[in-house]
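Visitor: Please put together the full structure from these sequences, using the hints given.
Protein chains: 4
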Amino acid sequence: MNIFLNDYNDLCHEKVFAKLQEVNAKGNIGYGNDEYTQKAKELIKSDFENDDLQIEFLAGGTIANIIAISANLLPYEGIIAASSGHIVGHETGSIEATGHRVELIETKDGKLSKELLVNRLKDFTDEYHIVPKLVYISQTTELGTVYSYEELKDIYETCLEYGMYLYIDGARMAVGLAASDLEVYDLPDLCDIFTMGATKNGALYGEALVVVEDELKQNLRNFMRQRGSVMAKGFVTGAEFIALFEDGLYYELGKIAYDMSVYLAEELKKANVVFNQVPVSNQIFIELSDKNIEKLKENNAFEIQPLDDENKVVRFVTSYRTTKEEIDSLVEDIRSLEA
Amino acid sequence: MNIFLNDYNDLCHEKVFAKLQEVNAKGNIGYGNDEYTQKAKELIKSDFENDDLQIEFLAGGTIANIIAISANLLPYEGIIAASSGHIVGHETGSIEATGHRVELIETKDGKLSKELLVNRLKDFTDEYHIVPKLVYISQTTELGTVYSYEELKDIYETCLEYGMYLYIDGARMAVGLAASDLEVYDLPDLCDIFTMGATKNGALYGEALVVVEDELKQNLRNFMRQRGSVMAKGFVTGAEFIALFEDGLYYELGKIAYDMSVYLAEELKKANVVFNQVPVSNQIFIELSDKNIEKLKENNAFEIQPLDDENKVVRFVTSYRTTKEEIDSLVEDIRSLEA
Amino acid sequence: MNIFLNDYNDLCHEKVFAKLQEVNAKGNIGYGNDEYTQKAKELIKSDFENDDLQIEFLAGGTIANIIAISANLLPYEGIIAASSGHIVGHETGSIEATGHRVELIETKDGKLSKELLVNRLKDFTDEYHIVPKLVYISQTTELGTVYSYEELKDIYETCLEYGMYLYIDGARMAVGLAASDLEVYDLPDLCDIFTMGATKNGALYGEALVVVEDELKQNLRNFMRQRGSVMAKGFVTGAEFIALFEDGLYYELGKIAYDMSVYLAEELKKANVVFNQVPVSNQIFIELSDKNIEKLKENNAFEIQPLDDENKVVRFVTSYRTTKEEIDSLVEDIRSLEA
Amino acid sequence: MNIFLNDYNDLCHEKVFAKLQEVNAKGNIGYGNDEYTQKAKELIKSDFENDDLQIEFLAGGTIANIIAISANLLPYEGIIAASSGHIVGHETGSIEATGHRVELIETKDGKLSKELLVNRLKDFTDEYHIVPKLVYISQTTELGTVYSYEELKDIYETCLEYGMYLYIDGARMAVGLAASDLEVYDLPDLCDIFTMGATKNGALYGEALVVVEDELKQNLRNFMRQRGSVMAKGFVTGAEFIALFEDGLYYELGKIAYDMSVYLAEELKKANVVFNQVPVSNQIFIELSDKNIEKLKENNAFEIQPLDDENKVVRFVTSYRTTKEEIDSLVEDIRSLEA
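Chains as they are written, first to last, in the working numbering: chain A, 29 to 367; chain B, 29 to 367; chain C, 29 to 367; chain D, 29 to 367.
By construction, these hints were calculated from the structure, which means they are not laboratory data. Please note that the accuracy of each hint is not assured.
Which copy is meant is left open, so a pair is good if it fits within one copy or across any two.
List time: in silico DMTMM-like cross-link candidates among lysine to aspartate or glutamate, alpha-carbon distance up to 20 Å [claimed, not checked]:
#1 K136 <-> E280
#2 K325 <-> D336
#3 K54 <-> E331
#4 K283 <-> D209
#5 K319 <-> D80
#6 K142 <-> D209
#7 K298 <-> D217
#8 K325 <-> E179
Guide: Written out as structure tokens, the structure reads:
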């Protein structure tokens, strides 16, 4: 079976696993106050060339979004997001459950822009609307698209101008860095808070939350406790992030996943598939008939999304575990489908 | 250093770690729909001799409490708990943050009883009070005390009589079973929902939530998703729980922790310490002067709680990693303190 | 100045005011347990020919919507509404502030239908979506359109089939009855809960909440207390509703408002205005240029909504206080505008 | 029947009623943007000799408390209150329903103090506790006691020192002013936000919320809208407050209620009753046997609270409607009870 299902079907990278074996068998300090967590935070700050950042480790993407988005919102404040955003369609109303409304912007490619934001903000001038306070975007987006440095700069400047926070959901940030002109040290200049996801990039579990803006650091730990997101054995997560950041493994794995996606995209183009989105990162969306999907499933694992009565959108995801052999085998299977 | 700090300072048990290495390197199904999770659930149900239970795995104790307590409460419904309960004093208002009030009962030993409950319920007859709907207890309690079968039976019958759910927080259930006359298969008869904690009993992380009452099963997974508590790589947790339940390791580790606590209590009695609570499980509380505490800290790790101007309560916790040598060394240090 | 601003710019109807003067100067029972409230409830139940209804009086429309919608929702349950619905665009995220997501349906005329509902419900089959539990509609709608008996019947049957509650926001129910083929006694057969608004129909303030479904009656008073919506001097509201319902005044005022709107619509048609919505109730929407709006404002009061760069939508609202003279004067002013 | 039931059993004061009749029959601006509301706000600001205050009118005491307390709290912030406080025992968990925990202080007389606060604040130093952000007190308290100028000054200075807001619930502020050494213009110097209750002092309904601290003014109207607390016909409330504040009626009615309570307390002392609290304002609490209570109820209306197996606490409340005749009659009935 060729695995293009998602980027979290692996156990974890070998170096991450090996690092866990180095943790003291007993006597570790709880709740992230241990030496491993401390070292992991320093490694990450060093990559950002910024010692003022607050780093926290969280178990998964949804809780990371909840913490990052709602920690500092007053009850009448709301969020702005693309209607295709992950928090809109895949998290069971997790943000609304914190009491805050998510105001949507329709987009073609899943990406917000200065223009889209400025236009939408005109809707919130009256007291019978929420006060927009945080803009949610993700790198890469739910549609596999990618923001450039200039695009993020424009968005962040708009946020600053309107007194809003910018949060970048980096569940796939490792690929987002490989697929864009962003350098990792650019990130703290381009937003107020962001995540560096590891669940989808080699960890057993874990997302690093990076807080740039001082207002968002205040009592963040209390809020994390309140939402049940502080792990008792924080040293486990700490050790994982040491493995990922002490020798650049995090970036390396993101690069492999991206390179594999480039190869896959090229081969799919040669096979004349119909792309649903222009392929630019490790999520590639093509359109196939229901019949062909059934056939392709025999030997390949992937996700399916609705399209129309006879066709569906098929998503192929590459990861650091993806091999050229899997890609060649998948594309061969696609070539053998009936038109 | 002798470690009596807590029961979550270890990495994890060797068998748990070994089991992780057996997980497929890739191709695992996400969000707990994998074979490991499935097998772990079956093992646990088998121990309960009950196939109707719903089992879910959660990352930690606070999120397990949030999920277990608030999934099925209407906005005007509230919780009853001992004022010493873990959700009252250690979770940063996590339950109130779900919108529900926790109504307190003062106790001497951290344990609720039928009598205490019935008496407190008299306060909630008017429309200007919340409607009590869930009783929270823990086995063992925050004060290290333990419920017997008969005590739980009385409490649960009271809950049923008053139309309330009973939730048992089992963060330390493994010791709770070793320290009481309860058999594991008794648990589903004695409450509506409970946890079997593993973070404090050999896992890297993880609590098993066990749902007995059908009403509480409805759409529970949606609620878990909403609160960010479904792990993408659920198969990791699944593998951990296979290791803990396939050969009774879970109970074995709880037994060791308990046996060590019995030995520690006996030795402390011989040393004529002042107990703050009668020692019956793996949390033992004694009273010491500030001066003696400082001296004892040199060679022993433990937690301290306030008492009065010159004395504090010291908590010693044993775990499956505790050795007789550590206990002997600790007690020797205590014997050498000035009166 | 001709007043077409809204239907709540009047003090109250003379009979309502007179009834207040009849209330005991002192010694009245608080919180709605008084004789006036009791009598008002009986009058309303009598009109519905249904003694099983629970009636509660609330101060205004937004709090009535909050109470009716969220009293009985579990945290992962959500609401379905037209994207033009009042709770969507005019209440500052009041429903999301209760923790529940509002899932939208796009409509042409502000009205939901069985077909629209069934189609939208296909989106909620996975655990990463909320569970739809309540459908929100209003009679009349935010766009001035009106549901017929058959349309409501179809919607309610769909709700019952899918296990959802149907709530009808009746802020303008008096006009909604005059403008449709509905009889007041039909209402309890067509939904689970609804309001009979009086703020916009002759009261100083006040909405009657009518609960049909037994599940929604449970502890409703506790929830009302919790949200600060039980008036200490409930007897004031009780007296108002006696005035409105003892001689059919409620229906009479709705009929006048509706008849005036029919006359206004006819006169506007003769004047060849561009209607933004087909006029069928007491909110009439036409399109005018910015320049003409400025001119019209000199002698007429109305609300303005955005349309395009050079034109806006103008809303004229009639009420029981509207006179034919005002309508004639308004239409004359419109006729004198430049094309 | 002598009425000592409460201070909200009257319709309203005649001057309030007369003022309503002066409101324009139609054409009034909605949602508090009208001329009456504007004038009422100016009258109140003038009494406070402070033009920077923000005044808002709310329908009742519970919604006023919800708005005043939770508008500006972040999710991990909490409230400190006396355990006898109104928000603790009489509002169905209304504050917890906003997601915030209320931390309690036990008191003898219902009054907080600098000493009690400073001592309690020691409990909130860890990340597993909420961050205390607002102190709730009321003038007069739930036990009828009254804060002096110096006591309030001490409490407010403590709040400022610890970075907490002070909110004074003034549901009975008119009596609180009459019963203390406070001048009305002192209030903005002694807290961040407070209410001037009118429901219990001559209005049909209505509380004035007075905001001193600028941080608490931000977007307060959005929050009020979100919680359904902005009345569509705000001009009704505006007119009421004009009547209450244009000639000092508000203070006059509070003075009458207070003077009546002084007379009642003196007469009760002469009758040798057992006071449950030292009588200092218009709520007077005495202890009576169940048997005597039954007898006293025949001719007198009052509230009863639990005490012990054979006795209860009886509350007598005076208002501007209380007469000396009623007091004399009540005391005569008490004298005639068996010892």
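Visitor: Indicate, hint by hint, whether the structure satisfies it.
Guide: Hints versus structure:
no.	hint	result
1	K136 <-> E280	neither (31 Å within a copy, 51 Å between copies)
2	K325 <-> D336	within (19 Å within a copy, 49 Å between copies)
3	K54 <-> E331	between (42 Å within a copy, 16 Å between copies)
4	K283 <-> D209	within (13 Å within a copy, 56 Å between copies)
5	K319 <-> D80	neither (55 Å within a copy, 38 Å between copies)
6	K142 <-> D209	within (19 Å within a copy, 49 Å between copies)
7	K298 <-> D217	neither (39 Å within a copy, 62 Å between copies)
8	K325 <-> E179	neither (37 Å within a copy, 44 Å between copies)
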